[in-house]
Every structure is written in C-alpha cells, then in structure tokens.
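Quick note: the sequence shown, position 94, residue 94 per UniProt numbering, numbers continuous.
Simulated from the structure, these hints should not be mistaken for lab results. Bear in mind that the values here come from a model prediction, so they are computed numbers and not experimental data. Check before you lean on any hint, since a few could be wrong.
[Stated by the list, open to error] In silico DSS-like pairs for lysine-lysine, Cα to Cα no more than 25 Å straight-line:
#1 118 <-> 4
#2 63 <-> 25
#3 120 <-> 92
#4 4 <-> 65
#5 118 <-> 2
#6 120 <-> 2
#7 73 <-> 92
#8 24 <-> 73
#9 120 <-> 65
#10 24 <-> 2
#11 92 <-> 65
#12 131 <-> 4
#13 118 <-> 65
#14 126 <-> 4
#15 73 <-> 131
#16 4 <-> 92
#17 131 <-> 92
#18 131 <-> 63
#19 24 <-> 120
#20 73 <-> 25
#21 126 <-> 92
#22 24 <-> 126
#23 131 <-> 65
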Amino acid sequence: MKYKVAFVCVHNSCRSQMAEGWAKKLGSEIFEVYSAGTENYPQVKPLAVEVMEEAGVDMSEHKPKLLSDIPPKLDLLITMGCNVVCPFVPTKHMEDWGLEDPSGGPIEGFRVTRDLIKTKVEELIKRVENKEIEL
C-alpha cells in the first residue's frame, strides 16, 4: 500500500515542487506523491528546476497545481512554512516544515533549500517506514 502525501505552499512554484521531486525519486515505493498551492502561479521557478537538475531530479515537466488538482483525501499533508492556512484537507497526519522561500534570491539559496528538503524527505520516509507516524 502506498501512502498519499502532498506538499503544499502558496504558489506551488518552488519548495513544494522540490519536495514532490525528492519524494518521487526517494520514496516512490511507499508514497503516491502530489504537490499543490493555494494560489495560481504561472510556472515553476526556473532556478528551482535548475538546482534539482543538478541533483539528478528532473522537474522540467512540472507545472504549478492547486489544491483542487490533487486527491481530496490524503495520508500526509506537509506545508512548507509559508505562513499559509490551508483550507481543510482531510488527512491522517499534518506537519509544517518551516522552510524559508529562496525565491528572489541567488541560486545558492535554492541549493540550500533543495538540500534541506532532501533531508526532510529522507527523514519522513524513515518515520513512515518505522511507523513513527500513525497512518
């Protein structure tokens, strides 16, 4: 059985997209992965795509999505620290990762965020596998 996980932030253009990319690459055996935003945005940030490509994760086909574009019931909902209150999304487990948005800054900030997200995704996978999260 795969657990439905969604990574959510305001625009679904950077952090939540990176988390989706990492979770698909590292956790595809246990997760069905989604990401979404609470507001429309025209594209994924090019620097986010570039730094993920550097790490071997292809996000070239990713497009921003809204909460209405993902399943209405989830096992895990991860917000990225964007001080946004998500509309009610039925989920068994919710947590906020409190990550700064690198948008508008230098590429190095995107790399730092990418690496933090990778670590958090790896930890999430271990916590789910070890049944530290009740699902």
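Status of each hint after checking the structure:
1. Proposed proximity of residue 118 and residue 4 is supported: the alpha carbons are some 18 Å apart, at most 25 Å.
2. Our distance criterion of 25 Å between C-alpha atoms is met by residue 63 and residue 25, whose separation comes to about 17 Å.
3. For the hint pairing residue 120 with residue 92, the CA-to-CA distance comes to about 19 Å; that is within 25 Å, so the pair holds.
4. Our distance criterion of 25 Å between C-alpha atoms is met by residue 4 and residue 65, whose separation comes to about 16 Å.
5. With a CA separation close to 20 Å, the supplied pair residue 118 and residue 2 stays within the 25 Å bound.
6. The hinted pair formed by residue 120 and residue 2 meets the criterion: a straight-line CA distance of about 19 Å does not exceed 25 Å.
7. With a C-alpha separation of about 9 Å, the suggested pair residue 73 and residue 92 falls inside the 25 Å cut-off, and the hint holds.
8. Simply put, residue 24 and residue 73 have alpha-carbon atoms about 19 Å apart, close enough for the 25 Å limit, and the pair holds.
9. Of the pairs offered as hints, the one joining residue 120 and residue 65 holds, with about 22 Å between alpha carbons and a cut-off of 25 Å not exceeded.
10. For the proposed pair residue 24 and residue 2, the alpha carbon gap of about 12 Å is at most 25 Å, so the pair holds.
11. For the proposed pair residue 92 and residue 65, the alpha carbon gap of about 22 Å is at most 25 Å, so the pair holds.
12. At roughly 15 Å between alpha-carbon atoms, residue 131 and residue 4 fall within 25 Å of each other, so this suggested pair holds.
13. Using a Cα cut-off of 25 Å, the hinted pair residue 118 and residue 65 holds, with the two alpha carbons roughly 21 Å apart.
14. Proximity of residue 126 to residue 4 is assessed by CA-CA distance (about 16 Å); at most 25 Å being required, the pair is judged to hold.
15. The suggested pairing of residue 73 with residue 131 holds, with an alpha-carbon distance near 20 Å, which does not exceed 25 Å.
16. A distance of roughly 10 Å separates the Cα atoms of residue 4 and residue 92; the hinted pair therefore holds under the 25 Å criterion.
17. For the hint pairing residue 131 with residue 92, the CA-to-CA distance comes to about 13 Å; that is within 25 Å, so the pair holds.
18. Simply put, residue 131 and residue 63 have alpha-carbon atoms about 32 Å apart, too far for the 25 Å limit, and the pair is violated.
19. A distance of roughly 13 Å separates the Cα atoms of residue 24 and residue 120; the hinted pair therefore holds under the 25 Å criterion.
20. Of the supplied pair hints, the one linking residue 73 and residue 25 holds, its CA atoms being roughly 22 Å apart against a limit of 25 Å.
21. Between residue 126 and residue 92, the direct Cα distance comes to roughly 17 Å. Compliance with the 25 Å bound is thereby established for this hinted pair.
22. Proposed proximity of residue 24 and residue 126 is supported: the alpha carbons are some 15 Å apart, at most 25 Å.
23. A distance of roughly 30 Å separates the Cα atoms of residue 131 and residue 65; the hinted pair therefore is violated under the 25 Å criterion.
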